[in-house]
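Student: Sequences and hints are given; from them, build the entire structure.
The listed protein sequences derive, respectively, from chains R and V.
Each residue of the first sequence is one higher than the one before, counting from 20 in our numbering.
Each residue of the second sequence is one higher than the one before, counting from 20 in our numbering.
Be a bit skeptical, because a hint or two may be false.
Chain copies aren't distinguished; within one or between two, either way the pair holds.
Stated by the list, open to error - Straight-line alpha carbon distances no greater than 27 angstroms define the calculated DSS-like cross-link-like pairs of lysine-lysine that follow: (1) K310 <-> K509; (2) K430 <-> K509; (3) K254 <-> K402; (4) K211 <-> K171; (5) K310 <-> K267; (6) K202 <-> K430; (7) K254 <-> K119; (8) K509 <-> K395; (9) K333 <-> K90; (10) K322 <-> K509; (11) K116 <-> K171; (12) K116 <-> K322; (13) K322 <-> K261; (14) K548 <-> K261.
Read the hints as simulated data drawn from the structure, not as lab findings.
Every value quoted in this text rests on a predicted model; they were computed, and no experiment measured them.
Listed here are the chains, written in short residue letters.
Number of protein chains: 2
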Amino acid sequence: MSNASVISPERRIEFNAFDVDAWNLLLRESSARPIDTARIFYEKLVTQFPNAGRYWKAYIEHELRAKNYDKAEALFERCIFQVLHIDLWKSYLHYLKLSKGHIISMREKVADAFELAIDRVGHDIQAAQIYQDYIQFLTDVEAQGQYAENQKVSAIRKVYLRAVATPMLNIETIWQAYCDFEKSVNINLAEKLVADRVKDYQHVKKVLKQMELLMQGINRQAISVPPRGTQAEQKQIDLWRKLIVFEKSNPLRSDEVGLKAKRVIYTYDQALLSLGYHADIWYESAVYHEKIVAELRERGDMKTAETIERETSKLYSRATSGLMRNTPLIHFAHADFEESKGRYDIATKIYDDLIESNDDPTLAYIMLMNFIRRIKGVRAARKVFERARGDKRSKFHIYIAGAMMEFHCIKDSNIAQKIFDYGLKKYGNVPEFATAYIDFLYHVNDENNTRGVIERLLESPDISNELKIEMWDRYLDLETQVGDAASLRKVDHARRQALNEAYDDRQALFLVDRFKFLNLWPCSEDQMKLMGYNKISRLSSTTG
Amino acid sequence: MSNASVISPERRIEFNAFDVDAWNLLLRESSARPIDTARIFYEKLVTQFPNAGRYWKAYIEHELRAKNYDKAEALFERCIFQVLHIDLWKSYLHYLKLSKGHIISMREKVADAFELAIDRVGHDIQAAQIYQDYIQFLTDVEAQGQYAENQKVSAIRKVYLRAVATPMLNIETIWQAYCDFEKSVNINLAEKLVADRVKDYQHVKKVLKQMELLMQGINRQAISVPPRGTQAEQKQIDLWRKLIVFEKSNPLRSDEVGLKAKRVIYTYDQALLSLGYHADIWYESAVYHEKIVAELRERGDMKTAETIERETSKLYSRATSGLMRNTPLIHFAHADFEESKGRYDIATKIYDDLIESNDDPTLAYIMLMNFIRRIKGVRAARKVFERARGDKRSKFHIYIAGAMMEFHCIKDSNIAQKIFDYGLKKYGNVPEFATAYIDFLYHVNDENNTRGVIERLLESPDISNELKIEMWDRYLDLETQVGDAASLRKVDHARRQALNEAYDDRQALFLVDRFKFLNLWPCSEDQMKLMGYNKISRLSSTTG
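Tutor: In structure tokens form, the structure reads like this:
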């Protein structure tokens with residue numbers, strides 16, 4: 020730190036755009052400046068860390084300090100539903116209450132906001148203040164007449180009951196206030212009403228204790244940054260996972276699947292505020308959504324099921340428009356989800372967007388091709404292949420995928436071979452491509468063409484050393500498996516001659532390839548290592 | 020060492036049979052004991068280190084000290100041609116000279132032994148003593164008459180000339196003696212004879228200097244032990260390799276290929292005394308033999324070519340009956356060498372011996388099958404397959420090899436499938452076997468059977484977890500490549516259900532498999548590592 024501090028935070032950020040400490044230094048400076056000169060910085064900040072509630076809050080509060088209410092409100096709109104950060108929501112409610120609470124015509128809007136807040140962040144362990152403020156707000160409303168008074172009491176009681184059923188810090192104060200509230204409403208009924216609740220309340224307190232224990236060590240203020248695989252990071256992941264498992268166990272013993280689910284989903288959301296670059300957490304949350312939808316459907320709760328299903332799409336969109344933008348895995352998962360719901364247009368658009376935005380669209384093309392084949396058949400999928408082939412950014416894999424589709428789906432090895440041949444003109448020097456072609460020919464038992472293609476490649480004047488070695492190895496494999504004595508001898512000899520440069524005098528390396536079979540090796544692994552034989556660990560990519 | 024010394028050498032050897040220091044301690048003890056009680060130890064010693072000249076020498080000299088000449092001679096016979104160790108040969112010659120040199124009838128035999136020694140170890144940098152002793156021995160012979168006298172002079176001169184042409188320590192003494200010798204023969208001719216030689220002699224001295232430099236650091240007394248991959252070991256290998264490269268460069272500028280070759284081969288032999296567990300050095304020596312044979316044939320020197328070719332077979336036999344006994348690679352190389360010379364019976368015997376002596380003869384069977392197919396065709400090779408199948412020690416690979424032979428050599432996928440099916444009954448729970456079968460079916464475009472076999476395996480009640488995962492992965496691959504939407508969905512779902520136990524909630528791991536293609540991955544390697552996805556580095560063994 021002492022060393023880093025002599026470099027300006029701007030330089031540090033240039034060097035590492037995720038240097039949170041440096042950003043925090045700049046934030047401190049900016050918050051002392053007039054908002055008009057700080058705004059550019061804040062925009063950079065929330066662009067770099069779009070799910071950091073703390074940064075949004077700092078930005079908005081700066082606007083509020085300058086009384087730029089329109090700007091602040093526009094900012095709240097940009098972040099409040101994307102970033103379920105408890106302090107941000109508290110700040111939002113505080114702003115609304117102050118600016119709108121006294122305007123009678125606005126009261127409905129403020130009440131709606133409280134309801135929304137309870138729906139969105141009301142399960143938070145730090146949500147007590149929100150309930151208390153809401154109750155205060157409802158209490159402050161002047162009710163005209165008995166009917167209105169009764170409605171007011173019902174509304175307040177509803178919030179109290181929701182609050183005392185939620186494990187939150189400070190729940191004792193709310194409980195006490197609730198008891199007082201019931202007494203103030205009807206001293207005779209109060210005792211019975213409170214007594215009915217007290218057992219549940221005790222259980223909620225017990226759950227709260229467990230949660231407090233589980234949340235010890237969780238850093239909820241941590242900003243999402245790309246994983247670096249540190250121990251501290253892993254520790255946070257483990258702690259969050261434990262908390263999620265705990266919520267999945269339904270500690271509140273709720274009969275309502277929806278309630279349990281909302282708490283679990285809220286926990287995932289909270290984890291993702293700090294672990295937003297972890298694709299697996301996003302996906303696990305989506306899988307949990309789907310699981311709950313199935314469970315709800317089974318129980319006949321179609322409405323909640325539909326709501327959560329819609330949430331699933333939103334979750335994916337949130338991920339892929341945010342921190343998972345550059346992680347195709349989650350885009351694919353999203354497309355797959357939409358496909359499974361029959362929303363083919365949305366799925367297609369997801370693939371297309373990914374193809375457009377990616378430097379290397381090859382895998383996206385292949386997945387789109389698979390998808391189109393599934394829903395429209397091979398003829399339509401061929402068009403995707405044509406499109407991919409014409410895209411200069413595409414890599415050789417597209418030819419393999421196209422050929423394999425023809426071979427395995429249409430069972431036409433001739434078309435497949437033509438595609439490979441076409442690809443070979445372009446990618447003749449790419450070992451993986453050549454190998455895939457050779458494998459294909461060998462698998463369809465076309466020895467002559469296998470030999471032909473290998474020899475064609477070996478004769479090519481600009482063949483790379485790597486490909487040369489690979490091709491000679493394949494040639495030797497082929498002759499070992501099917502060749503007669505003369506052709507084996509010929510290839511063995513030619514291979515040695517050709518590879519002498521690469522292997523020098525280390526002839527034993529050639530030998531290992533001659534006498535291996537699958538994972539059977541002709542000498543011990545130690546011996547091979549000592550010889551410098553390194554193919555055991557080499558990733559063998561096959562067209563399987 | 021201080022720690023090790025409290026443990027008895029016997030215990031240390033029990034723990035590590037190659038603890039040379041411990042053996043040396045026992046050797047010192049044994050050499051002080053009467054030979055009759057020490058013999059058992061010596062036999063153990065030379066059994067454990069069969070190519071250690073130093074140990075043979077100690078054993079024999081102990082017998083000699085006890086005047087057990089017959090025993091000593093029998094021991095010399097056991098080792099002298101296998102172990103070209105200069106001190107052992109010196110000891111042998113010393114013994115012969117002392118015990119037989121004075122018996123006139125034995126003189127011929129002693130002279131032969133000197134000739135043999137010069138042929139076998141006469142290129143050694145420490146061979147000077149042998150030449151000197153030989154010359155002394157020849158000088159001591161009393162010649163009767165002028166003809167005999169002339170013959171004697173010729174014989175002595177021949178040895179001198181050979182000696183002064185060999186870079187050896189102490190060569191100056193021999194050179195001086197040679198000059199004196201010529202002067203004593205004919206003072207008039209001596210000057211001319213010596214002058215003719217002096218340039219070559221100067222060059223030999225230069226080569227000697229280079230050799231001395233190259234041999235600095237080489238530990239010629241090191242006993243062969245299995246490699247442990249230490250730096251010291253690697254250093255020795257590097258030094259020996261440099262010396263071999265030097266000899267290959269023909270530093271003596273000999274026109275005679277045979278002479279250069281003999282020096283190189285002798286250097287290999289010397290290296291192998293210390294590096295006898297290094298398969299690559301054995302093989303490189305054999306390859307060098309073959310290269311020289313080809314060169315000699317090209318030059319028309321058929322006789323030397325034949326000699327060296329015979330030496331190649333002997334070299335292989337020496338390796339496979341000695342330290343390479345448990346290294347199939349060298350057995351295979353030997354069989355291959357004999358096959359290339361058309362000596363099919365010898366090749367067959369090598370394979371058979373290896374099959375007999377090995378705990379796991381599978382690879383040997385497969386190589387024998389390939390060999391028999393090459394020389395006799397598939398029908399004969401099938402018999403090897405049958406034999407291997409009946410051998411209880413064989414592993415599943417034999418079925419794959421058998422099936423692949425039918426498929427690729429006979430082009431009969433039905434027979435191949437039958438063999439796989441037969442194997443499946445026995446090896447249904449071996450992931451590699453099941454995978455190979457699935458790959459085969461998929462490559463021949465037999466989707467239905469692919470699905471059928473996968474499902475059959477998945478339904479098996481005693482399926483291992485590893486196989487279950489592998490089969491579900493294959494199933495998913497299959498449906499991703501050829502399945503329609505419904506079957507993909509079905510398999511994806513079933514796979515998740517089935518593997519939930521193995522993967523728990525880590526659902527993202529399933530996802531990676533859905534959206535990968537060859538070496539294209541749907542997220543970064545770092546991300547996969549963090550998720551715990553480990554297939555990238557997993558060795559994928561295919562039936563290629």
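Student: All hints, please: hold or fail.
Tutor: Here is how each hint holds up against the structure:
Within a single copy, K310 and K509 get their C-alpha atoms only as close as 61 angstroms, which misses the 27 angstroms cut-off; across copies the closest is 15 angstroms, which meets it. Proximity of K430 and K509 under a CA criterion of 27 angstroms is satisfied inter-copy only: 23 angstroms between copies versus 34 angstroms inside one chain copy. For the homomeric pair K254 and K402, neither the shortest alpha-carbon distance inside one copy (48 angstroms) nor that between copies (60 angstroms) is at most 27 angstroms. Proximity of K211 to K171 under the C-alpha cut-off of 27 angstroms is restricted to the intra-copy arrangement: shortest distance 21 angstroms within a copy versus 134 angstroms between copies.
Within a single copy, K310 and K267 get their C-alpha atoms as close as 12 angstroms, which meets the 27 angstroms cut-off; across copies the closest is 72 angstroms, which misses it. With identical chains, the CA atoms of K202 and K430 are never at most 27 angstroms apart, being 80 angstroms at best within one copy and 91 angstroms at best between copies. For the identical chains of this complex, K254 and K119 are neighbours neither inside a copy (43 angstroms) nor across copies (83 angstroms), given an alpha-carbon limit of 27 angstroms. In this homomeric assembly, K509 and K395 come within 27 angstroms of each other (Cα to Cα) only across copies, at 18 angstroms, whereas the closest approach inside a single copy is 49 angstroms.
Taking identical chains as interchangeable, the C-alpha atoms of K333 and K90 lie at most 27 angstroms apart only when both belong to the same chain, with a minimum of 26 angstroms there against 92 angstroms between chains. Taking identical chains as interchangeable, the C-alpha atoms of K322 and K509 lie at most 27 angstroms apart only when they sit on different chains, with a minimum of 26 angstroms there against 73 angstroms within one chain. Taking identical chains as interchangeable, the C-alpha atoms of K116 and K171 lie at most 27 angstroms apart only when both belong to the same chain, with a minimum of 18 angstroms there against 126 angstroms between chains. Taking CA atoms no more than 27 angstroms apart as the test, K116 paired with K322 passes in neither setting, with 32 angstroms inside one copy and 109 angstroms between copies.
Taking CA atoms no more than 27 angstroms apart as the test, K322 paired with K261 passes in neither setting, with 30 angstroms inside one copy and 80 angstroms between copies. Taking the shortest alpha-carbon separations for K548 and K261, only the inter-copy value of 20 angstroms comes in at or below 27 angstroms, while the best intra-copy value is 42 angstroms.
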